[in-house]
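In case you want the letters, here they are:
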Amino acid sequence: MRKLLAATLGILSAVGGFVDIGDLVAAGQAGARFGMAHTWVLLLGVVAICAYAEMAGRIAAVTGRAVFDLVRERLGARMALINLVASYLVTVITLAAELGGVALALRLATGVPYLLWVPVAGIAVWLVLWRMRFPVMERVFGLAGLTLVVFAIALFWLPTDWAALGRSAVAPDDSGQGWGAYWFVAVALFASTVSPYEVFFFSSGGVEERWSADDLADARFSVLVGFPIGGFLALSLIATAAVVLHPAGLSVDSLDQVAHPVVLAFGAAGLAVAALAFFAVTFGAALETGLSAAYAAAQYFGWQWGKRVSPREAARFHTVLLVSVLLGVLMLLTTVDPVTLTEYMLIISAVALPLTYLPILVVANDRTYLGDRVNGRALNLLGAVLLLIILAASIVAVPLAIGTRMGQ
Amino acid sequence: MRIQVSQELLDRQLVDRDGRLVGKVDDVEFAFGADGVPYLRSLLSGPGALGQRVGGRLGRMLVLTAERFVTDRPLAPLRIPYALVERVDSAVWLRVSADELPASPVEQWLRRNLIDRIPGAGRASG
Numbered sequence: 001m002r003k004l005l006a007a008t009l010g011i012l013s014a015v016g017g018f019v020d021i022g023d024l025v026a027a028g029q030a031g032a033r034f035g036m037a038h039t040w041v042l043l044l045g046v047v048a049i050c051a052y053a054e055m056a057g058r059i060a061a062v063t064g065r066a067v068f069d070l071v072r073e074r075l076g077a078r079m080a081l082i083n084l085v086a087s088y089l090v091t092v093i094t095l096a097a098e099l100g101g102v103a104l105a106l107r108l109a110t111g112v113p114y115l116l117w118v119p120v121a122g123i124a125v126w127l128v129l130w131r132m133r134f135p136v137m138e139r140v141f142g143l144a145g146l147t148l149v150v151f152a153i154a155l156f157w158l159p160t161d162w163a164a165l166g167r168s169a170v171a172p173d174d175s176g177q178g179w180g181a182y183w184f185v186a187v188a189l190f191a192s193t194v195s196p197y198e199v200f201f202f203s204s205g206g207v208e209e210r211w212s213a214d215d216l217a218d219a220r221f222s223v224l225v226g227f228p229i230g231g232f233l234a235l236s237l238i239a240t241a242a243v244v245l246h247p248a249g250l251s252v253d254s255l256d257q258v259a260h261p262v263v264l265a266f267g268a269a270g271l272a273v274a275a276l277a278f279f280a281v282t283f284g285a286a287l288e289t290g291l292s293a294a295y296a297a298a299q300y301f302g303w304q305w306g307k308r309v310s311p312r313e314a315a316r317f318h319t320v321l322l323v324s325v326l327l328g329v330l331m332l333l334t335t336v337d338p339v340t341l342t343e344y345m346l347i348i349s350a351v352a353l354p355l356t357y358l359p360i361l362v363v364a365n366d367r368t369y370l371g372d373r374v375n376g377r378a379l380n381l382l383g384a385v386l387l388l389i390i391l392a393a394s395i396v397a398v399p400l401a402i403g404t405r406m407g408q
Numbered sequence: 001m002r003i004q005v006s007q008e009l010l011d012r013q014l015v016d017r018d019g020r021l022v023g024k025v026d027d028v029e030f031a032f033g034a035d036g037v038p039y040l041r042s043l044l045s046g047p048g049a050l051g052q053r054v055g056g057r058l059g060r061m062l063v064l065t066a067e068r069f070v071t072d073r074p075l076a077p078l079r080i081p082y083a084l085v086e087r088v089d090s091a092v093w094l095r096v097s098a099d100e101l102p103a104s105p106v107e108q109w110l111r112r113n114l115i116d117r118i119p120g121a122g123r124a125s126g
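Line by line, the protein sequences are chains F and E. Sequential numbering from 1 applies to the first sequence in this note's numbering. Sequential numbering from 1 applies to the second sequence in this note's numbering.
Everything labelled a hint here was simulated from the structure, so no lab data went into it. Note that the Cβ used here is the ideal one computed from N, Cα and C, for glycine as well. Take these hints with a grain of salt, some might be off.
Example chain E residues on the side facing chain F (calculated, C-beta under 7 Å, incomplete) [what the hints assert, rightly or not]:
hint: 1; residue: Lys24
hint: 2; residue: Arg53
hint: 3; residue: Arg57
hint: 4; residue: Ser90
hint: 5; residue: Asp116
Using the sequences and the accompanying hints, generate a full structural model.
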């Protein structure tokens, strides 16, 4: 029974770590503009995050060190510092987008303009990071995030043409929007699925919760169940948008439109649940991105980090945490539209993806750290193919963004 | 004991007797023994040592940023005699407690001037 409980909690944190503002925006846009035509991208993304999170979790459990703690030894001090600067910037921009998502969810629930909610969201996120216990934090937001399942339920409530939905999933077409836009959305959706902070957070969380080699099976289980559940929730976001928004020719430029199908199915109650779900996933992701930014810096420099020690014993870690949240709030107070910010964030993340995933593959093959727990041949083949796809996404991201004017 | 400095020591995490994180091995220092044979004298840790190894503009920026927090420049690195190393695996484990080593000036400055002023700084949240 205790084991079952532990497994459930692990899955919850994986689900919580998966869906965020990037998924809400990218999945909503994919569904509204192209129907189910991006289903394969989402599935590919889930496979990639499962494979690489498993490696990161195994590294953490066997060596007791987070992935980015080890990266510096393999990339060298200079390359790793450049990697750190780039990863930090991407993570802080993601944090800003998540804070914007929290503010938009609160606006959806209350009608009060989102800009007023931005400082509130920033302070709330920082307070939770300062005070709340780590496992509690993961579970509360993971559990609340599961309310996203309302989108899947709405799909059964609405007069969904399942056959047509299935057909558009297996035979993708560009819906008359142009293939450039199709691939632009594909790259954004892929980047939202394999966001780098998910693996930073997953491996650091493993170290923080003191995983050992005995916990490997549990860690693997929560990855292989939790991330696909997250993927299923994201898929239901695409599907509701495909059923409701796509035929009407609506596009998604705010969270209201993402919530629209649920409102159509369940009215005000649907709106309330959708707002809660949006709040939970963006708030949870804001916590994770904030922590990930500080983890990355602390693990590069070897500072004391984590929530097991008091903040005064990890002053540099907590300073970076505070500064990152502050930067996120300031970015939003320039009145940049949070959805637009999310779109740019996804493209920048796509460019930076190899910086996260290549080092994981390298360390996961290093016998000096992992002994005989290095990657097997099959996983290495899968990892290498996925890395090629990640590289391709990284290379085409900016040309696609410019060529299609951000997917117009 | 035979050890490859660049493969197994440089850039590795330093951990004290109680599992606290002390810093990274940012550089090492060799010296000549009485018999003229060079030996590994100490491990160096701190932004000053790291900045020199990183080199270039990036390295200088790193040192300048860290120097803003200290009064006595140039920034002296933390010197840990190699005799204090207990074992080396995925981290470098020390025989001593972090309290017996000089604390990082940047950590101290931020603790005193920022973190300690926020209520609840003394409690771990777990």
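Hints, one by one, checked against the model:
no.: 1; hint: Lys24; in the structure: holds, 3 Å
no.: 2; hint: Arg53; in the structure: holds, 5 Å
no.: 3; hint: Arg57; in the structure: violated, 11 Å
no.: 4; hint: Ser90; in the structure: holds, 4 Å
no.: 5; hint: Asp116; in the structure: holds, 6 Å
Taken one by one, the earlier hints fail for this structure only at number 3.
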